[in-house]
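Peer 1: Protein chains in written order, with my numbering: chain V, 1 to 156; chain L, 1 to 711.
Calculated from the structure, these hints are not laboratory results.
Given the structure is predicted, the values throughout are model-derived calculations rather than measurements.
Here a beta-carbon is modelled for each residue, glycine too, at the ideal position from N, C-alpha and C.
Where hints are given, some of them may not hold.
Claimed, not checked - Residues on chain V that point at chain L, a partial pick, calculated with CB under 10 Å:
#1 D27
#2 L42
#3 R77
#4 V85
#5 C132
#6 C134
#7 G152
The lines below spell out each chain.
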Amino acid sequence: MISLTVNGKKKRLDVDPDTPLLWVLRDTLGITGPKFGCGVQLCGACTVHIDGKPVRACGTPVSEAAGKHVLTVEALRFTHVGRRVKKAWLENDVPQCGYCQSGQMMSATALLTQNRSPSDDEIDAAMSGNICRCGTYNQIRAAIKDASVLLGGRRR
Amino acid sequence: MSAQFRSSRRSFLKASAVSGGGLVIGFVLPAAGRVAEAATQFKPNAFLRVASNGHVTVVCGFSEMGQGVLTAIPMLVAEELDADWKKVSVEQAPAAKAYANPLLGIQATGGSTTVRASWEPMRKAGAAAREMLVAAAAAAWRVKPQDCRTHKGYVIHGRRRASYGVLVTRAAKLPLPANPRLKEPKDFRLLGQDLKRLDTPPKVDGSAKFGIDVSLRGMLTAVLSRPPVPGGKALSFDASKARAVRGVVQVAQTPHGVAVLAQGYWAAKKGRDALEIKWDDGPNAELSSDVVSRTLTDATTQEGKVARDDGDFAAAKPARTLDVIYEAPYLAHACMEPMNCTAWVKPGSVEIWAGTQAPGPTQAIVANIAGVAPEKVTVHTMYLGGGFGRRFAPDFTIDATILSKLSGKPVKLIYAREDDMRAYYYRPASVTRFTAGLDAAGNPLSFRARVASPSIMEASGSMKIPPSGVDKFAVEGIADLPYDIPNLRVEYSRQEPGVQVWFWRSVGHSQNTFFSESLIDEMAHAAGKDPFEFRRALLAKQPRHKGVLELAAARAGWGTPPPAGLHRGIAVAESFGSYVAEVAEISVGKDGQVRVHRVVAAVDCGMTVNPEIIRRQIESAIVFGLSAALYGRISFKDGKVEQGNFDSYPVLRIDEMPKVEVYIVPSAEMPGGIGEPGLPALAPAVTGAIFAATGKRIRTLPIDPDLLKKA
Numbered sequence: 001m002i003s004l005t006v007n008g009k010k011k012r013l014d015v016d017p018d019t020p021l022l023w024v025l026r027d028t029l030g031i032t033g034p035k036f037g038c039g040v041q042l043c044g045a046c047t048v049h050i051d052g053k054p055v056r057a058c059g060t061p062v063s064e065a066a067g068k069h070v071l072t073v074e075a076l077r078f079t080h081v082g083r084r085v086k087k088a089w090l091e092n093d094v095p096q097c098g099y100c101q102s103g104q105m106m107s108a109t110a111l112l113t114q115n116r117s118p119s120d121d122e123i124d125a126a127m128s129g130n131i132c133r134c135g136t137y138n139q140i141r142a143a144i145k146d147a148s149v150l151l152g153g154r155r156r
Numbered sequence: 001m002s003a004q005f006r007s008s009r010r011s012f013l014k015a016s017a018v019s020g021g022g023l024v025i026g027f028v029l030p031a032a033g034r035v036a037e038a039a040t041q042f043k044p045n046a047f048l049r050v051a052s053n054g055h056v057t058v059v060c061g062f063s064e065m066g067q068g069v070l071t072a073i074p075m076l077v078a079e080e081l082d083a084d085w086k087k088v089s090v091e092q093a094p095a096a097k098a099y100a101n102p103l104l105g106i107q108a109t110g111g112s113t114t115v116r117a118s119w120e121p122m123r124k125a126g127a128a129a130r131e132m133l134v135a136a137a138a139a140a141w142r143v144k145p146q147d148c149r150t151h152k153g154y155v156i157h158g159r160r161r162a163s164y165g166v167l168v169t170r171a172a173k174l175p176l177p178a179n180p181r182l183k184e185p186k187d188f189r190l191l192g193q194d195l196k197r198l199d200t201p202p203k204v205d206g207s208a209k210f211g212i213d214v215s216l217r218g219m220l221t222a223v224l225s226r227p228p229v230p231g232g233k234a235l236s237f238d239a240s241k242a243r244a245v246r247g248v249v250q251v252a253q254t255p256h257g258v259a260v261l262a263q264g265y266w267a268a269k270k271g272r273d274a275l276e277i278k279w280d281d282g283p284n285a286e287l288s289s290d291v292v293s294r295t296l297t298d299a300t301t302q303e304g305k306v307a308r309d310d311g312d313f314a315a316a317k318p319a320r321t322l323d324v325i326y327e328a329p330y331l332a333h334a335c336m337e338p339m340n341c342t343a344w345v346k347p348g349s350v351e352i353w354a355g356t357q358a359p360g361p362t363q364a365i366v367a368n369i370a371g372v373a374p375e376k377v378t379v380h381t382m383y384l385g386g387g388f389g390r391r392f393a394p395d396f397t398i399d400a401t402i403l404s405k406l407s408g409k410p411v412k413l414i415y416a417r418e419d420d421m422r423a424y425y426y427r428p429a430s431v432t433r434f435t436a437g438l439d440a441a442g443n444p445l446s447f448r449a450r451v452a453s454p455s456i457m458e459a460s461g462s463m464k465i466p467p468s469g470v471d472k473f474a475v476e477g478i479a480d481l482p483y484d485i486p487n488l489r490v491e492y493s494r495q496e497p498g499v500q501v502w503f504w505r506s507v508g509h510s511q512n513t514f515f516s517e518s519l520i521d522e523m524a525h526a527a528g529k530d531p532f533e534f535r536r537a538l539l540a541k542q543p544r545h546k547g548v549l550e551l552a553a554a555r556a557g558w559g560t561p562p563p564a565g566l567h568r569g570i571a572v573a574e575s576f577g578s579y580v581a582e583v584a585e586i587s588v589g590k591d592g593q594v595r596v597h598r599v600v601a602a603v604d605c606g607m608t609v610n611p612e613i614i615r616r617q618i619e620s621a622i623v624f625g626l627s628a629a630l631y632g633r634i635s636f637k638d639g640k641v642e643q644g645n646f647d648s649y650p651v652l653r654i655d656e657m658p659k660v661e662v663y664i665v666p667s668a669e670m671p672g673g674i675g676e677p678g679l680p681a682l683a684p685a686v687t688g689a690i691f692a693a694t695g696k697r698i699r700t701l702p703i704d705p706d707l708l709k710k711a
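Bound conformation, chain V alone:
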């Protein structure tokens, strides 16, 4: 049995400890915001937070989340930074197909939690692990900068 907290709720699960966190979230818990894109940590669609740090859930065994707090896009609005990221995403009408966007928002939230005023280079470094095939990168960048302003960051 593995115990962990997902979006504020305690869970005790009978799953193989090597099962990737992504499939525990999606198939066992029915939390489908984190998406399956590549399975090998190359595309970022599955990005969630463990204790506030962004991880690729497709390559993280659920055992690594034992005893820790997992946050997915579904509960992003309950965090100070996440709420502003979501607002900026809405105002910029960022998504097209939308499939990658929960991962994009989780990466952006992690970045802005560490650094309220990221430069373009810092945005590139934090976000280049998240692929968007629709090509919404410029809107993602604009939304991160807007969220930065909402957080009281400096425009850089």
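Use these hints to put chain L onto chain V, whose structure you have.
Peer 2: Showing chain L alone in chain V's frame:
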């Protein structure tokens, strides 16, 4: 305003219970969450309903893959209905004849057709409802309908106003107007406005349901092992290790491979990977990219079937001749959401949940496999995590249906990323040999293109090459060359190296515009002329091409020096009824790496529905085209695809993203398509800029940095 997708299992089932009868009984209001009753709503046609509280629900038969149809279709209906946009929501239609795409004749989304196909019918659907609501109010007030007007969900006569909601019962009893009057474009309130997308809210809170998010009670997840060589077959297999994996329920052979069915994806994937299968590689065991390249190139030495023949190419006597070969590789679509489908074959009926571009054909194909009538197949079209043509294909729906039939359970088939990339639905590899001539003054005199590539028409399953022998998709972007060249001949040679080919964003234009626009650049250089001026002079009879070319050049500052270290290229193309010119500003590093810093695009797509969605679609196509130009290649060795994931098939990432500016030409022409037309001009604009930077002409995609390294 919100996009409505039936998101829980319970509401799925509720929807399916009513969809068979063809009458929608209830629906959920997104804001209030109340259920309206059939008796108190007005449903003049299959495309909209007005509830007694005045809420308008537009039913969209097109598939949303990011291109904005779930916003564009409601805008068309709401415009003529004179609805209050704040009270409009959208719902995905089931598969049904009423929702056939008028341009394709089937219920499917592709070919950048949605707005072109819907411009009149969807507005008429709204206008008919409006006329009925006006007639209902006029009758109640005992006034003439023509003395009434409408505004934001109200019928108004003098000082009297009635909301659409209070009129629904009366309106529902009135006859449907045969030919409702449409607004003059000058009276549009919504069309041409940058309205926010209706599908954004569910896409930023994790609630949007894609095909892969479907979950049903008792459902098994399947992962399929497919032949590693196209056309291969499983001779025998040992499933003992797969069956030993915890969670694996069943192993089943299908006509397309061997599937492991399990509780959840991870068990199914582990089980699939543990299968031991003996494959017969079949006739393609020796297939390699070198063979493909040689086969196509050799074919261009022979005369092909004639796609276009202006003047007399053979009789032209140019002073100077160019003879060059261009080549483009197979490409995968690499949608972010890997292909998947959930099928539930029940006694006498089937339900399908899939992000599909083709709900209509899916219904027919699934009915055939399950042995039921098409109307017994309910297709739930989910959000598509990217389409780009790939989700027009039936492979994932076919296999999911077969597996549900075999197991007797609901089955969600998921392709691992590597399965998705190796499923053989590729943009065709293509080679074109050009022979072009200039007269002594540097004017183009002759142009011949010999195209060799596989046939998408034949691969499509729904089209055949016509008696001319020319596949229209193989030559589009060359045979429609807009330039004024007196002796112009285009030929096609069908070559089938053994790999399934398919529609890929902008189809034939995706490689052919790279070929033809690059050749035009080469002719300009040979004539000693500026690439923009050379094109402009040859487009005197093509005002829309010329218009976007001039606009893009002006906005990009063509003719002024680019920023230090940057170089410009330009290209123009018409596709899907829209005209796009692009200027790329690039730099080439010492290591030969190309970086695109800025792309300026001008688009003439006729009248606009939502200009912001148009700008985003052009930008999206630019990114898609840039990924392909810089990195895109599916290659074969010993019959096997060499790429599998985003490491071996890279796509553009945020740190490589250029600035993009899109300018829309004001136009009163009929709308053109918008999902694809931004793509074709990108590659030749970039390679034209590379020539300006290095003097080296890129004739093969993807761009090879080794050719551009500074010695």
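Peer 1: Compare the structure with each hint and give your call.
Peer 2: Evaluated hints:
1. D27: holds, 4 Å
2. L42: Interface hint status for L42 of chain V: holds (4 Å vs cutoff 10 Å).
3. R77: holds, 7 Å
4. V85: holds, 9 Å
5. C132: holds, 7 Å
6. C134: holds, 5 Å
7. G152: Interface hint status for G152 of chain V: violated (22 Å vs cutoff 10 Å).
Taken one by one, the earlier hints fail for this structure only at number 7.
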